[in-house]
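Colleague: Based on the hints, put chain B in the right spot on chain A.
Listed in order, the protein sequences are those of chains A and B. Take the first sequence: its position 81, counted from the start at 1, is 81 in the UniProt record's numbering, and no numbers get skipped. Take the second sequence: its position 166, counted from the start at 1, is 166 in the UniProt record's numbering, and no numbers get skipped.
No lab work stands behind these hints: they were computed from the structure. Incorrect hints may appear among the rest.
[Unchecked claim] Have a look at the derived ranges for each label pair, beta carbon to beta carbon:
| no. | chain 1 | residue 1 | chain 2 | residue 2 | range |
| --- | --- | --- | --- | --- | --- |
| 1 | A | His4 | B | Glu37 | 38 to 48 Å |
| 2 | A | Pro56 | B | Arg158 | 24 to 34 Å |
| 3 | A | Pro54 | B | Glu15 | 30 to 40 Å |
| 4 | B | Glu10 | A | Asp252 | 47 to 57 Å |
| 5 | B | Leu11 | A | Asp20 | 46 to 56 Å |
| 6 | B | Glu37 | A | Lys261 | 34 to 44 Å |
| 7 | A | Gln27 | B | Glu10 | 45 to 55 Å |
| 8 | B | Arg158 | A | Glu32 | 25 to 35 Å |
| 9 | B | Glu10 | A | Cys275 | 50 to 60 Å |
| 10 | B | Glu51 | A | Lys261 | 41 to 51 Å |
[As the list claims (entries may be wrong)] Here chain B is said to cover these stretches of chain A; the calculated rule only asks that three of the stretch's residues, wherever they fall, bring their Cβ under 8 Å from a Cβ of chain B:
| no. | segment |
| --- | --- |
| 11 | 14-20 |
| 12 | 61-67 |
| 13 | 70-78 |
| 14 | 171-179 |
All C-beta atoms, glycine included, are put in the ideal place defined by N, C-alpha and C.
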Amino acid sequence: MTSHVDTETLALLAEGLLEDGEERSVQAHVSECAQCSDQLVALSDVTRVLAEVPAPPIPDGLAGRIDDALRAERERQAAASDPGDPADTGAADSAGAAIPIQRRRGPSKWMPYLVAAAAGVFVIGGGAAVVQGLTASAPPEQAGSSPKGATGGPDAALPYQPSVVASGTEYTADGLSGQAADLIAESEPLSASKGPESNAEGSENSALSAPPETPTGVSSCIHKLSGDDSRRPVLIDIASFAPGDGAAKGEDAWVLVYEAKGGSGYDVRVVTPECTEAGDATVAPSQVGPGD
Amino acid sequence: MNTVTDPVQELPDKEVLARHTQGDEQAFGELVRRHRERMWAVAIRVLGDPEEASDALQDAFLSAFRGAHRFRGEAMVSTWLHRIVINACHDRMRRKMVRPAVPTDDVNLDLLAQQSHKGTVPDPTGKSDAAMDVHAALDRLPAEQRLALVLVDMLGYRVEEAAQILEVAAGTVKSRCARGRSRLLPYLSHLRNPEPPQDVTSPRGGGKRS
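This is chain A alone, in the form it adopts within the complex:
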């Protein structure tokens, strides 16, 4: 006598998901086993029970609340695009020119800051390498062009200093874009509140927890990934990633945030510590919202 079939196998059978051979043997068993065929009926009752669950109607006032929230958002966006500081508007306009968004109140206000800050840290990172190069009595101009010439920790190989955080987020394939948008938004004060100059003070420019050690391999991986492309991430999150195919648990991964070409939003790439790409997404400027 064959042993009983477990519930999950029965459920997969009902969905036609078993392999041919297994399907035949399970069918054969179920046709002779009252207990298992009852269980099969019980499984279809689960669907019926779920379908019959009543749902409360939309609460009074929720529609109004949502309208209010949207109105507030609209006003916030309008305020953010108001010409204020002349320097801001200049930067916003130049960034806005490349952005294929028709909406006039275009990119969020802090965007140019991050762009500027990224440019700033690039220069400063280069400067640090210059200093390092001088003390090592090597020709300074090689610091930027040949990263391998720089000595020191793994970070010294990068001629710039991206923000490195460990948000603890478990990124998923489905949610990557939104999660990355949250990450960028949360990291916003670092770029908006400090000018490029103050970034020289160090790397503690994170709104999240203190920046962790950059794992070895990140910088070489970024070099490997970028190829001829000179883009470098502006933000690195040491986190985990679940590809989203059901049972898979999140695995260690680095989420690399690049400015998108043309300045419109961000490109996000997820790599494993082995430097294989596990996923990617794009984040639109308005997804991260205007800074307040």
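Modeller: Just chain B, lined up with the frame of chain A:
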């Protein structure tokens, strides 16, 4: 600047959304009006709690408002909105997960059984208790199984529709549903029929393998 000729109410979703990205201030409100009931139905079934579902719905419409230009037009606006609502709910589920996520032990089963027995006496319909039981049981599922079951079993969406919303293959939706149902079975068997057959395996029969 923007010459609005057609009243936005008469346009299809995609055009209304395009109007919004072009700066038409009426457009997004129209989309909200069209879809909020349905999106509520999704959020309340995923989250079970009206407060949470309200917050998730507001989050979702805000993020759709901000991210409208990301809509590429390859999907239906409603599919896109579903996805955003599901993601907003998923975020809330993750935040709520502070309590231990390990399900399927005797304590939980006993608790559930007691609750359902209590409910059988006074409640004339048994419906609200059933809803509570179902949500307590759904809480025990991995998020992706729960989302698939909400769309397919609770809301009656076709597998293909659910697959588009969740951005996975149809087969993945089916297997998530199947595994979810087998996990739910022990918790829901008391809701099945007036006379549950006595020889059904003990509730732990299905749980052990998973």
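Colleague: Decide, hint by hint, whether the structure agrees.
Modeller: A quick look at each hint next to the structure:
The hinted window of 38 to 48 Å between His4/A and Glu37/B holds, with their beta carbons roughly 44 Å apart. Take Pro56/A and Arg158/B: their Cβ atoms lie about 25 Å apart, and the range 24 to 34 Å holds. Under the hint 30 to 40 Å, the C-beta atoms of Pro54/A and Glu15/B, about 35 Å apart, fit the expected range. Judged by the Cβ atoms, the range 47 to 57 Å given for Glu10/B and Asp252/A holds: they are separated by roughly 52 Å.
The supplied range of 46 to 56 Å is met by Leu11/B and Asp20/A, whose beta-carbon atoms lie about 50 Å from each other. The hinted window of 34 to 44 Å between Glu37/B and Lys261/A holds, with their beta carbons roughly 41 Å apart. The supplied range of 45 to 55 Å is met by Gln27/A and Glu10/B, whose beta-carbon atoms lie about 54 Å from each other. For the pair Arg158/B and Glu32/A, the supplied restraint of 25 to 35 Å holds, since their beta-carbon distance comes to about 33 Å.
In this structure the supplied range 50 to 60 Å holds for Glu10/B paired with Cys275/A, their Cβ-Cβ distance being about 53 Å. At about 42 Å, the beta-carbon gap between Glu51/B and Lys261/A stays in the expected band of 41 to 51 Å. Given a C-beta distance limit of less than 8 Å, the hint that chain B covers the segment 14-20 of chain A holds, as 4 residues qualify and 3 suffice. Beta-carbon proximity to chain B at under 8 Å applies to 5 residues in the segment 61-67 of chain A; the threshold of 3 is reached and the given coverage holds.
Judged by the Cβ-Cβ criterion of 8 Å, the segment 70-78 of chain A is covered by chain B as claimed, because 3 of its residues qualify and three suffice. Coverage of the segment 171-179 of chain A by chain B holds [criterion: at least 3 residues with CB-CB distance below 8 Å; count 5].
Against the hints set out earlier in the document, no violation occurs for any number.
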